[in-house]
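Since chain S is already given, all that's left is putting chain X on it; use the hints.
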Amino acid sequence: MKTAAKHLTMKNFSLLSLFGALTAMAATPLWSAAPQEDEAADAAPTEVDTDADKYVAVIGGDIHTGTGAVLRGATMLVRNGKIRRIGHDIYIPEAAKVVHAHGYSIYPGMVALSASSRITDGTLSADVDDVESGIAAAEMGDGADADVTVEDWVEDWDQDFETTQAFDEAALRASDSYDPFSSFMVLTLAAGITSVESSNLPLKLRRDKLDDVVMGDGGAVNFNWGSPDARRSTAEDFKKAAAYLREYRAWEAAGDKEAKEPSRRGINSGAIKVLRGEGRAKFSADVAHDLLGIARLAQTYGFRPIIDGCREGWIVADELGRAGVSAIVQPRERRPKPDELMVGPAGSSIENAAILHKSGVQVAVKAMNGNVDLSGIAGRDLLALSIDAGFAVRGGLSEAAALQAVTIVPARILGVDHLVGSLEVGKDADFVITDGDLLHYETHVQLAFVLGEVAYEKNEELYYAHIRPRPKILITDGLKPAETAKDGDEATPPVEEPAPGDDPAPEDTPKPEDEPKPGDDPKPEDEPKPEVPPAQAA
Amino acid sequence: MKSIAICLLALGAAAPAALAQDVFALRVGRAETISQGTLEHAVILVEGGVITVVGQDLPVERGIPIVDLPDAVVMPGLVNCRTRIGVDSRGGGGADLTARASAELYPRQDVWAELLEVGVTTLGIYPPGTGIPGLAVAVKPEGETASEMIVKDPAYLQFYLRSDRSSKKLFTDAFDKLDKYLEKVEKEREKFEKDLEKEKDKEKKDAAVFKPSQPDDDVRPLLDLVTGRLNAVIGIRKAGDWLHLLDVLKERKFEFALQCDLRDDLDLFYIKDEVGKRGLRVIFDPRVVQHPSTRRERNLPAEFVAAGAKLALSPRADSVRAHEDWLQEVGELVRYGLDRQVALRAMTLEPAHVLGLGDKLGSIEAGRAANFVFYDRDPFDPAVKRLGVMIGGRFVSGDLGL
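From first to last, the protein sequence lines stand for chains S and X. The C-terminal residue of the first sequence carries number 538 in my numbering, and the numbering is unbroken. The C-terminal residue of the second sequence carries number 402 in my numbering, and the numbering is unbroken.
This is chain S alone, in the form it adopts within the complex (with noise of 0.2 Å):
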């Protein structure tokens, strides 16, 4: 509820802007010169930027921002890292690279739930960690066990331990294992993947650098709903918490410095950190009853809960909706009804993604399993994830729907919406350039950029170099003159345009007509042959 609530106050936020910039506009004559200039510096063509700011511009290509609009043949703008600008008839700076996308797809990169610690830092060379530095492991304390969760290193939830020292610390455990070159992170790059939450934390896939590769805390709380006990237990966590939230406001209210500060002795921290807000609740579940619980438990306290599995959500779409939930489900995954007499219904749906969807519930993708699996059957690991996503797809999703359940959605799930999860101006230039549809199986990523630099390239790494070649992607030190006339040829068509302004990709923008362009590869549906030449037909 609160995305949406976010949604609407960025659409009135820009329409606020356009009433701004138009009343500006009218006034300007009336005013002075410097509001003028300060106009002028935010209008794009006579922007001056220090030379130490580096550029990128991926031009041509269909921008699949994520958000629900696709711009065609448009241009977005990267500087230091992050998206300047998305649209049409975009300045270029001289210094730019130039990355000439004609004909290709742009999209977000895809972000992947619970991902093994592995992608970002472990080798392919087996006996690197099983040769001396395992006994050196072992010596210095270091468990083999790497994939610790947050919740592993906070000894104590209920004595008063500060949780963003652990989460800190939990941060730096991660930043002091990547591997940025990895070449599990290739593959996983290979795929479309440019976000993985490892050991909780939001982690990015950054290749030669060791820089602001952790996006943030991860901020989910994990709560058992396993069984009968633990459920009640969960359950009274959160009365317990609620009633001392309640006497700890009352305290603070009073002011009273003689009163004694209520005590957190026995009071889940975990469950405090939900209440106020600064973290969110996440349970595994799946079986329908199990979801309807939490759906309760989430509208007694007021949270909103995330649910890894939600197998049997279909069942239960609207109490789920109602509650806020977000899913994280498998839509590949197949689970018949555990017992034929069962009156209601009960197991795994292919429309589970789609209903859930339908009903309100913010619905994210994961992969099969987190791993990259280098023996038994392939597309069953996280190399698969755009397959994942299609599977939901053929259950009824609609294909920005599942675009926005590998991205934007498991983004907002760890807090890094913010950051990456879709092409808008301000985030992250996380982005993949493709061949084609990024859920279609036979769409290969060409290139893929984290923070505006490439981080794969599939005509450099040698795993999918060979496999449906095609030249390699342009880039160049800046427009080229013939490029320059080139890109204005193609601006010119009558493209509808987007919103002007900063605004990248306005939700009411219609979807642009899919007009082939001259670039593009004719389509058979494109062309229809009839099967019998009409003479002889007649």
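Keep in mind the hints are simulated off the structure, nothing from the lab. Built from N, CA and C at the ideal position, the CB exists for glycine as well. Take every hint as true, because none was put in to throw you off.
Below, simulated SDA-like cross-link-like pairs (lysine to any residue); rule was C-alpha separation at most 20 Å, straight line:
#1 S:Lys-209 to X:Arg-278
#2 X:Lys-250 to S:Asp-208
#3 S:Lys-358 to S:Gly-396
Residues from chain S that keep clear of chain X, each with C-beta distances beyond 12 Å, as calculated:
#4 Asp-339
#5 Gly-396
#6 Gly-415
For chain X alone, kept in the frame of chain S given last:
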């Protein structure tokens, strides 16, 4: 010893005035000098176990005994800067900057004589364990006692850096101690200067010399490191470790060599340009490896050299056999594109530099120790035969009389 006795006898007859081991000339078909490339018809004058003159077709003064080997190829005695041969025991983790590999030395083992026999005249023995295991020692594989064997102690400080929290913490903790010591000395200096200003007596003022307090034993090696008196060897396991190393080193500058065991699927090529740009010395084992998840062969040593790094190569294992095969394995890298001179240098002068002995041995040049290996043809020729080995101007192997 036998051959030396023969030399003595021969000398005694020819030139009684000249001291047998002291002065003699080597006249060889070809010398791989390392420092000046290949010299044909080389003449090398040795005095007191040290090379004094090197040249082409030089006349030799009458009375100086000559070892005449017109068909032989001579190169400096091999230097292996990183080995655990001749010592055993396995170390733990953690940091012990005071541990010395020299404490483990055990002379009078067959292995030393066997190593000499295959042409290895200098060894760098590193301390066991991971993290910061301690100080390596440079030895020659001969001598009756440990102190006779030691050429330089300590030779370098050994570090290992892995991309994880605990390993990086060992680094930063050790250097934090050094920083604290340096701060303390700085305060002492300020106090000393203040006191000096107050001092009225001019004589006393002039005579006063600032004496900083002595560092703790576990700080001294780091102090030597940052003041350039000691080198370091930092072991990494993959390309990512390099970035974490830069992360812990930050602005600190000191001489160090980067060491990595080569193996298939190693991703080290990602960092070759960065390492090459800094002109760092790398220590590898001679191995052609496969590109990650492919069967494409990569000559990483050659790639690093091409990128600008200096290269030292160690045998693949800590056995006499591996030391014997060392030359052939490096020869394999040469066939895979490594420059021949660079390859020779990687077994002699570069490892000597790692040990901090680059000005004492490792090349055929005036002022360097007379450590030689003699071959009957090009050392990288698969059919090569070793004719003899000389250390400190004495033949210790082979049947080459004066």
